[in-house]
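Visitor: One letter stands for each residue in the lines below.
There are 2 protein chains.
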Amino acid sequence: MTSFEKLNKIQLKNNTRLCVGLDPQMEKLPKPIPKNIEGIFEFNKIIVELTSKFVSAYKLNFAFYEQFGSRGIEILEKTLEIIPESTITIADVKRADIGNTSKAYARAIYEHFKFDCATVNPFLGMDSLEPFFDYKNRLNFVLIVTSNAGSSDFQKLKIDKKYLYEIILDKLLSNFSVQNLGLVVGATSENEFQKVREIASENFILVPGIGAQGGNLQNILEKNRNQNLLVNVGRDIIFASQDENFQDKIFQRTSYYYEKLKIF
Amino acid sequence: MTSFEKLNKIQLKNNTRLCVGLDPQMEKLPKPIPKNIEGIFEFNKIIVELTSKFVSAYKLNFAFYEQFGSRGIEILEKTLEIIPESTITIADVKRADIGNTSKAYARAIYEHFKFDCATVNPFLGMDSLEPFFDYKNRLNFVLIVTSNAGSSDFQKLKIDKKYLYEIILDKLLSNFSVQNLGLVVGATSENEFQKVREIASENFILVPGIGAQGGNLQNILEKNRNQNLLVNVGRDIIFASQDENFQDKIFQRTSYYYEKLKIF
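Protein sequence lines correspond, in order, to chains A and B.
Going left to right, the first sequence walks through residues 11 to 274 as our numbering numbers them.
Going left to right, the second sequence walks through residues 11 to 274 as our numbering numbers them.
Pulled out of the complex, with its shape left as it was, chain A reads as follows (with noise of 0.2 Å):
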């Protein structure tokens, strides 16, 4: 099964299109437990425990465990299996380099990690993305408006008639199948996520943004009409609260976004 089949049954199954971010930072971890990094697994347990039944994906930003050297990324590989067969797994690296770089870039992703997905970054252009979209049977989001305001920058200049975005989405729709090419869309850019909304009617969108960086959820969710979208929730929900009822809280939020994102 390929990750786009594994993604869009998870979804019906659990009846969310909600994704949690596993991006734990240590001095915000809650405070029974300990500020180190085993403190970062055991929280990160006990946040897959909690909302497993209500999301259909985790999301896991490598910089949150890089920052740590080895022994963060031997808790992103610890953290990988634990979490459930029911869920999808996201390798949020924005990756990019040259092909024979990027080929290893996507070796250690689909290979050694074994993720379902992972993001990547369009700006070195076609040949870069080539070894991730190789693994056929899986779902590469490509970064098309980031969340953050530096958006505005570069992928919304405009060239002739149309914005860079647009000109990267276009060559991505002709290059790649809908199975393979996801795209990365923040809720913070809700204009642009329409229009990418219209040309990429199929294609799954994830987006960022919602929560601690302000993202409208329900004009994001009026605009794509149920088509194929996976939102992503991060510090929203797992920095819920550092409190000793911290799980109370954590549980509380993902529900809240569990019902707002319901298929059914």
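Warning: the hint list may mix true and false statements.
The list treats identical chains as interchangeable, and a pair is accepted whether it falls inside one copy or across any two copies.
[What the hints assert, rightly or not] Cross-link-like lysine-lysine pairs, in silico, DSS-like; alpha carbons within 25 Å at most:
| no. | residue 1 | residue 2 |
| --- | --- | --- |
| 1 | 113 | 45 |
| 2 | 233 | 181 |
| 3 | 88 | 113 |
| 4 | 166 | 63 |
| 5 | 63 | 16 |
| 6 | 38 | 124 |
| 7 | 270 | 41 |
| 8 | 205 | 23 |
| 9 | 113 | 205 |
| 10 | 88 | 270 |
| 11 | 41 | 113 |
No lab work stands behind these hints, which were simulated from the structure alone.
Once you have looked at the hints, place chain B on chain A.
Guide: Frame of chain A; chain B shown alone:
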């Protein structure tokens, strides 16, 4: 001392603009070296011992370590320990992410691994780069024109009267200091190198694409006219031979580039 000053000093002392790419690939390890993860460290150690007097920097591309997961990152950490203080280290990571996450990446590179320099990808905009540039004493090489064919896809798109890479360059130059901002321009794009060199006359330019990728070193040197430059050679040195006598061949290739890249 800033990384910029350190690199300048080392280039004068070692009398070379050569940087060697420590990008090991298991299948290409020379015959006498065991084809396992320990073999990769052994290989790196031999390369460093053979070359350190003839280079000013080592560039480590994370892809070649990440593909072996946490154990690969451990080898990267061990390799950093054996690189002598008389050379500069560059984390070739081409990282980019939104502010909060970019901060964790910058912390990884500059605080955990303690690199002198890093490569970063500008696609996400200025706020995604800032966490790297907040380390005022480090040198960040931003991708301007990469060495792969795909650099034409988006980097060389014309927007009004300028190319995307020029627009990016202008924005970088007006925001970041010469001490803090380095640039990556592939040797395979000679015209673009000339243009960037004219606009950014004092910044360090890191040039990949020599050797296996087919860039012409002589042409780049002529266009550079003794300005701040660092030329990376990877495969053409480290995989010079897989035979028993690989050390001689590596030494020969290093000497060849060392001579070409002498400063005086």
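Visitor: Provide an ascending list of the numbers of those earlier hints which the structure does not satisfy.
Guide: 4, 7, 8, 9, 10
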